[in-house]
Structure formats: C-alpha cells, structure tokens
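Enquirer: Listed below, chain by chain, are the residues.
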Amino acid sequence: MTAPEVYPLLPGYLTDPSKPLTFGFEGRTIRAVEGQSVAAALYAAGVRVFSRSFKYHRPRGLFCVSGDCPNCLMQVDGRPNVRTCIEPARQGMNVRGQNAWPSLGFDLLRVFDRLSYFLPVGFYYKRFHKPRWAWPLFERVVRHIAGLGRIDIQARPEGHAEVEHLHADVCVIGAGPAGLAAGEAAAAAGADVLLLEREARCGGHLLYEGKADTNAELSAGMRVLLETTAFGLYEGNLVGAFQKGRLLKVRAGQVIVCTGARQRPLLFRNNDLPGIFLGRGILRLARLHGVSPGRRAMVVTNHNEGHRLARQLRALGIDVAAVADSRPEVRGGEGGFPVLAGHVAVRARGWSRLRAVEIARVSDTGVIETASRRVFACDLLCLAPRLVPANELLYQGGMRFTYEGGRWVPSQAVPGLLAAGAAAGTFELEAQIREGRLRGREAAARCGLRVEELGGDDAEVRPTPALTNPQSAIRNLQSKGKCFVCLCEDVTTKDLGQAVAEGFDHIETLKRYATVGMGPCQGKMCGQTSTEVCASLTGREVSAVGTTTSRPPVVPVELAVLAAERQHQPVRRTPLHHWHAAHGARWMDAGQWKRPESYGSPEEEVRAVRTRVGLIDVSTLGKIEVFGPDAAELLERIYLGEWANLAVGRARYGLMCTEEGIVFDDGIGARLGPEHFYLTATTGNAEAVFQWLELWRTTWKLDATVINRTPALAALNVAGPRARDVMRQLTTLDLSSAAFPYPAVREAEVAGVPCRLLRVGFVGEVGYEIHGPSAYGLHLWEALMAAGAEFGLRPFGVEAQRILRLEKGHVIIGQDTDALSNPFGAGFGRMIRFMKPRFHGRETLLRFKELPARTRLVGFHIPAGAPQPRDNAWARRLEGCQVVEQGRPVGRVTSARFSPTLEKYIGLAWVPEARAVAGGEFRIRCDGADLAARVHPPPFYDPQGERLKG
Amino acid sequence: MSFLLNCPNCGPRDVAEFRYGGQILPQPPAGANLPEVQHERWYHRYGCRRWLAVRRDVRTNEVHHTSWLGEGAP
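Chains as they are written, first to last, in the working numbering: chain U, 785 to 1734; chain L, 35 to 108.
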C-alpha cells in the first residue's frame, strides 16, 4: 500500500485542513479533513478497490470522482449505495464495502468473472427455467447474490426531511463559467435569479482545472444555493432538486441549464481496472480533495483535452509516461511528454489494480496494427476522450439534439428553457462565458424585462468548430477478454454484439435487453458509447441511432427526501381531544382525525349504552348547512330520497350517489326552515360531500348557499335507555317522544349553550346528537358527564359504536359497500325515489334495477365453531374473508364482531342471491379453514325499533 | 403533472392545489376519443375553495382559459 500523500491545500479546494476528523472503514480508522469526500480519504489511506462490480464481482476503483459512475458505492451508516466520492466525510461515520463476499479486497464471487460464458447477455431470460422444480432453489441463491448493497431496515434517516417551495424568474442550474455568466447577466437585467450548484463552491470545471479565481464576488440579486443537486426538470418549469435532507421544488419562469459535460470510458480490454480514471476524476481528486492520485500516468485521448490534461498532471507532480492520441496527424512534444499519434489503448494489465497499458497503432481505416503493440508500465491511466454534454435535464425539458460534426447540438427552441456552456455543446471557455451571458439576457427578456441590444461579437456565440475527424471511439469490438461499455451493469461490447445479433438493434430495445444504462448511473457513463456501438454494429449513423429517453431523476435521490412532503401529516383533533387523552382513550385514525377507539373495554361500553346511557364524541362528522330558495331542490337532485316533502323540524336519513350509480355517502338531513337544511356527512367524506354540493349548486345555477361547518361545531351523541333522563338535567326542551319524535331536529339550550339537537339512532337506542359551537364542546361534554353520573353514563368510543351499529345491521358506506357494489343488492333499493324527475345516478340506477343482483349484502351469525370465550380480535379477522362455495370464492365478509348483547358472533357479508334467505347457510374461509355461517336478516337487535323510538 | 392553473381569485397556482372534477360534458359519447382541448372542472382545494371551469389541452397541459364554473361559457 502506498503511503498517504496529501497535497498542500490551496484556496478554491473543498477541504479545510485545519479541521481533521476520523471515520471507520472495515475495522480501520481513516483520517480525513473537513470537506474531503469519503472516497478521497480512503484513497489517501491506500484503498484502491472501492467496490465489486454488479455481475462479475470484478474489483473497481475510483473512476469519475464526480458522483456519476457506480464504482465508489458503499454502505455509509447503514445507508446502501452511497456515492462516497461526493459524500463528505464526517467524524465517526461507519463506512463498509458492499456487493462483496467475504471482503472488498478478496471477493470469492469473482468466480462469476470466469463463468461469464454461462451468463451471457439476458441470461436471466434464458437460464433457471428448467427444471421447474429447481426454481425455488435458484431463487434463493439468485436473491442472495443479486442487487447492490443491503438495506438496513433498522436504520432511520437522520432528522426529518423537509420540502421547500422556491420561486424565481430565472433558475440557473450549474455554477460553472457559463452558469455564473448567465446568472449574473439575468440578475443585472433585474431578474430574480436562483442559481443551483451541486458542489460546495461555484466554478464548475474551473475549480479543478486551475484556470480562474473562483472566489469572485457574486452579483447582488442572485440567490446561490450550494450543495444543491437538480435531479429533474418537470412540466411547467418545475425543477426538482435536493440538499442534504431537503427536497426543493423550484418553480421558475425561465430555466437555464448549464450542467457542463462529462468524459466517458474508452473501450479496450480490462478497461475497468482500478487505476483507470476519467481525466477529470484525477483532477478532482487532487485539486478538490487534496489527494495524490498516483505517480506515473498514461493518457489516452482522441482530442486536445488529453494534451491539456497531461500538462495538468505534470503540474500536479505526476510523471506522464505518454499521451496516446488516436488522431493520426496530431503533433506534440512541447509539453515535456511523448505523444503517440494514431495510437489507442488496447489492453490494461493487472489483476486487482493497474500495472501497465498496452498501446497500439490504429490505421486510417480503424484497424488495430497488433504488431505495433507497446507496453507502458504505469499506476494511472487517464481517459480523456471528447466531452459529452450533460444534457439530461434539457432532454427532460423537451429540448432535442442532433449529432453534427461529432457533437450533440440543440436542434430546437423550447419556451422557458435555455442552455449554455458545455451542456449546449459549447466547449471553449470564452464562448461558454459569452453564451452564458447571452442566455441570461435572453431569459431576462423573456421574463418581460428590458434588455439592451448587444452588437458585434457579443451578440452571438461563436459555435464550437466541428471536429475535423469525428471518428468514432469504437474499436476492439471483437477483442479478447472483457471490454466494458456499462460499468453499472457489467455490459461488455460482446454483450451488445450478442444482443444486436438476437435482434435488439433499436437503441431502446438494446437498452432494455442488455440492461446497458439501466444501473445507478442511468447512462451518464455509457449512453454515448452504447449509441456509437449500436451504430457501428448496425452500420447506421450515430444520429440515426439516437439516444435513449432521459427521465427524472438524473441523479439518485434518497426516498426519504422524495417522501419529505409525506412526512408531514396534518392531524385533526376534536374539541374534546384532551379530555379523551386524559381519560385513557386508545386512539385510532379516521382520515386525518384522531378518534378514541375505546376507553378500555368496548364491551363494557356497549353494555352501558344498551342498559344505561353512553356518550360519544362525533365531532368529526361532516356538518353542512344549505340555505336559499333552491335548497330543497339541490338536495332533491343530490340525494336518492325526497326532501321537498320533509316537514320543518323533521330529519331524514339520506344516501347520495355518483353519476355511475355508486353510493358514496350517507347521513342525516334535517329541515330547520322552509329554505334551510342542516346535513351531516360521514367523517371521511365531509369535504367531498361539501365539494359535491358546491359543484352541482354551481353547475345547475341554483339559488342556494352551501357552508361547511365541520370544524366550527362540536357534536356529541348521548344514547341509551336513560339518555332522556340525562338530557332533562340540562335542557328545558320537551323531550317526550310526542314533542320530539324520532327522527327530528330541535334548537334549544343545553347546559346554557344554544345547540341543535338531532334525535337519531345509529346505535339503536333513544339518542340525541347535540351540535354546538366547538368552543363550548368541552363544556357540553363535561356537563353531560356530570348530569349522567347518577344514571351510570359512560363515554364510549368508535369500537363500541361499531358493535352497536352492527347489532342494528346498519351499513357503513365504504366498508360494507364499495364502488362495485350493486345498490339494490346492498338493500338501498327502497330508499331510491325514482318518481323524482332528476337526481344524481338516476339513469344508471334504473339500469341497475333491471339487472339481477348476483350477490346480496346479508346479516349473518355463526352458530358454531367460533372461538369461545368471545374473541373480538378473531371476529375482526373475518372482515375481508371470502365466502366460498365448492372451494371457489363467491362473496366476502365486510363486517364482523362479537355482540355482547346477543352473545353471538354477527356480521354482514355479500353472498350469492340463492343463499340470501333467512336461515340460508354459507361458508366463510378463514385462516385456511371453512366455517359455517347462517343468514340472519338484520337488525339483530330490536328489529321493530321500539327502543329507538321509545 | 405539474402545470399551473390560473385561479380567477388566487392567480396562477400549482395544479397540486386543485382537485380535478371531470370533463364538462352533458353525456360522454360512448367510445369517443378524448378531444384535444377539453372543458373541465377543477376545484381549488387548497386555495379559495371554489369550482372553476378550465379549458385545457390534455396533450400538452396548456391551459387556455379559466373562469368560475357556471359563470359564462367555459
């Protein structure tokens, strides 16, 4: 292992040498400094193998050092697949390798490298199918080996991910020379500019190419967000970006993409050995992180970029063995390093790290002259091919590119979207800055700001000259050994050849079959190369082959960040929430609401309601007021039943339906005046019912007003044989059944609070729903508790209410019915008033009426075979179980409970028509066994409703 | 979907603030292809809580016109 070498750090670097830190790596302690990436610190400590490849478990070392390639993925503090080359080192973090067994340095699974004959491209479509009985065994093995990293299900994301919504006239993505120029020009014209930069400093490639002072002051009027990575450009110029633990949604009038360009791997045998770098990766390692990459480098290029790189390497103190340039006419020598014109790399030598490179001459026709092979010993091989624009965001924004003179250039204008610099195919620094400035001004002008005309040279971007020899980088397609196109998925040139031979010759099908570009880098490394290989294999032009579709996310985003918005779940609490909490409520969720499920024993609560009196908080019910001359007409058209004939002071049960004939809510409607109704809706549908009423009131232009008063009113239901006795303590209203019958509405003072009283009976006993101002909810509740003490009043929760309603056979819309339920089969037929000329769902319901209901919703009880003593957890498990006949499902159970009143297991189920007769038997499949159930027409309790109306 | 809808009350807002309320059609013709430009209802759920009439090109999500539902032709 080489001794750690750390460069003296200069301004502009990401690291702060005055702040040392340490972290753990596979049992070792690694030193780093603040700002340095995990991978850079590991490299400085002598680590060369950073990962094992996806399929063949070949050793892989640092390669791009910019978060693009898959080579440095590791587990960091339990998080799998962390790109350690851009992950800042933090004190005490725990870093481990992945996809290797037993260790990164020695991985037995590398045997797959030798078995590659048995694992051809698309092997998973071809292998393991026979013999069929062996699949379970294969599956276990494959599951163990497949995938990258291990998810630690115990790990919890640090802190909370947050979401932030930002707005700007102009959003510039990338703070390289073009982006900085664009941002400053737009800001100078008066635009509100937001500049997003993924690094901790502005400057882009200037930072590591040592070309400029990157500490330049930024103009006012420009907000710069550092360490902010844009991952997608969506409809309406919505930029998705993230910072650590934060999701940013940027809505911009104009977006200028200045994301620069990338290098990509060249093709030769063993082109994946540790020690082979993208040229820019070496510079980033040295200049951004202050780590010496190696001692002796070989540079392979097809472009002037390689010669510039060689000079940079020498400036860093690295010995340059030679520059191999595939262009035959190139000259060199003045840089102090030999230049081999017309030479390409044909093979890298070494087992787990680079030892030497074989270089050979290539003829004008692209044939490699094997006799000219020369071997150069080196520990670094720098690939410096022509840059490929990082234009994924532009593609997502609708921009298209054509391949001209060996370069991709934008081919059409898109409103709201601009590009500058290398992302737009402009590679000269001067031109990049000029283009940035122009695009910034253009963006400001598009925002309606006044921008002065520029004249002369400044008015246009000098296009980057076309390459004189836009020679394909593709050679060696038939070379021995492995020559990787796609590092993520271990796809070789041979694999692509095989896939094309099998007929997958379209770039999109080639991608799907060979999985080229489907790994963590999403084609950032291999996209251009696979296009060129495909072109070469099929004898087409690169422009005819095209590129695969770019979709968000461009870079990996943690799910915790994407889910940031979902982490904030608003919770609604009733006015009595704290009373419930103080009295031992067990909570359950009802939509956004928290409701007491029970205060201890649901069965005791049921008994209290049946024998004495109970009190439940029903404030979550939707409470909607409708008034106006057309109020009754609106309800007539929305509900299935009648409202015009409802007398003032009376209430009625109502059902409503969509146009498709699906029952979607029910509730009580009460008439407070000739033009005034008060409606309740179910907890989960309060908002939807309000919107529904508003929609049709508006559409039909009815003279009515609809107000949603749900949060403004508390609602308490006091129910049981002694309910009237309790109420008499608190109100002077005549509560006799003659004066206040079931179902009716009255307005009266209760405990000094003006309230509405609904005499209703969901639980099947004498009951009053008291609706009063939320602010007095607690007062009303406590007054009722005090008044009820002498009658044995007990608060009850939703679970007791569910048992009570089931004893009465009341249907819960959405639990006992769903969007596929025939309303007639559910027993709603008698509530539909077809004599009304129009109401929602009428036409569909008329058709339903003609259809035979195949299944019906019936009540049932279980005569024998159920657990004794009573077991409500078991009964609840029945919900959702299938009703079976001769082993086939023919229906299902929708509700089931043990009724403490009837001492029986009861429920509701959809059963075939033929079984839906009193005493009919059917079978329920539960926990793998069949159980006999007997139809029992509901209600199970008080069938005549004497207790309810008494 | 991340286009903007211009609420007559609140101004241009993210579509996520709205609830889609279906097409404004007397009766959808059976088997008819979707038109290029649809008349639709949208409800400003997280804004002024009113129903809008919207004319939108469903291929591009370009919003041509917004107004209050029930007021004037959409």
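Don't read these hints as lab results, they were simulated from the structure. The reader is advised that the hints may include incorrect statements.
To be verified - Have a look at the derived ranges for each label pair, beta carbon to beta carbon:
#1 L/G56 / U/A1347: 49 to 59 Å
#2 U/E1697 / L/Q57: 56 to 66 Å
#3 U/E1349 / L/G56: 17 to 27 Å
#4 U/Q1652 / L/Q57: 26 to 36 Å
To be verified - Not the full set, but computed from the structure, chain U residues with beta-carbon under 7 Å of chain L:
#5 E1019
#6 L1022
#7 Q1475
#8 L1479
#9 T1482
#10 F1524
#11 P1525
Glycine residues also receive a C-beta, built at the ideal position from the N, C-alpha and C atoms.
Enquirer: Evaluate each hint against the coordinates.
Expert: Results of checking the hints against the structure:
A hinted range of 49 to 59 Å for the beta carbons of L/G56 and U/A1347 is inconsistent with their spacing of about 29 Å. Taken as a hint, the range 56 to 66 Å is violated for the pair U/E1697 and L/Q57, whose Cβ atoms sit roughly 36 Å apart. Range check, U/E1349 to L/G56: about 26 Å between beta-carbon atoms, so the 17 to 27 Å window is met. Range check, U/Q1652 to L/Q57: Cβ separation about 56 Å, and the 26 to 36 Å hint is violated.
Interface hint at U/E1019: satisfied, since its Cβ lies 5 Å from the closest Cβ of chain L, which is below the 7 Å cut-off. Because the smallest distance between the Cβ of U/L1022 and any Cβ of chain L comes to about 4 Å, under 7 Å, the interface hint for this residue holds. At a threshold of 7 Å, the smallest CB-CB gap from U/Q1475 to chain L is about 6 Å, leaving the interface hint in force. Evaluation of the U/L1479 hint against chain L yields a held restraint, the C-beta minimum of about 5 Å falling below 7 Å.
Of the supplied interface hints, the one on U/T1482 holds, with its beta-carbon coming within about 4 Å of a beta-carbon of chain L, less than 7 Å. Annotation: U/F1524 was flagged as interfacial toward chain L, and the flag is violated, the nearest CB pair being 35 Å apart, outside 7 Å. Look at U/P1525: its Cβ only gets to about 37 Å from chain L, farther than 7 Å, so that hint breaks.
When each numbered hint is compared with the structure, violations occur for hints 1, 2, 4, 10, 11.
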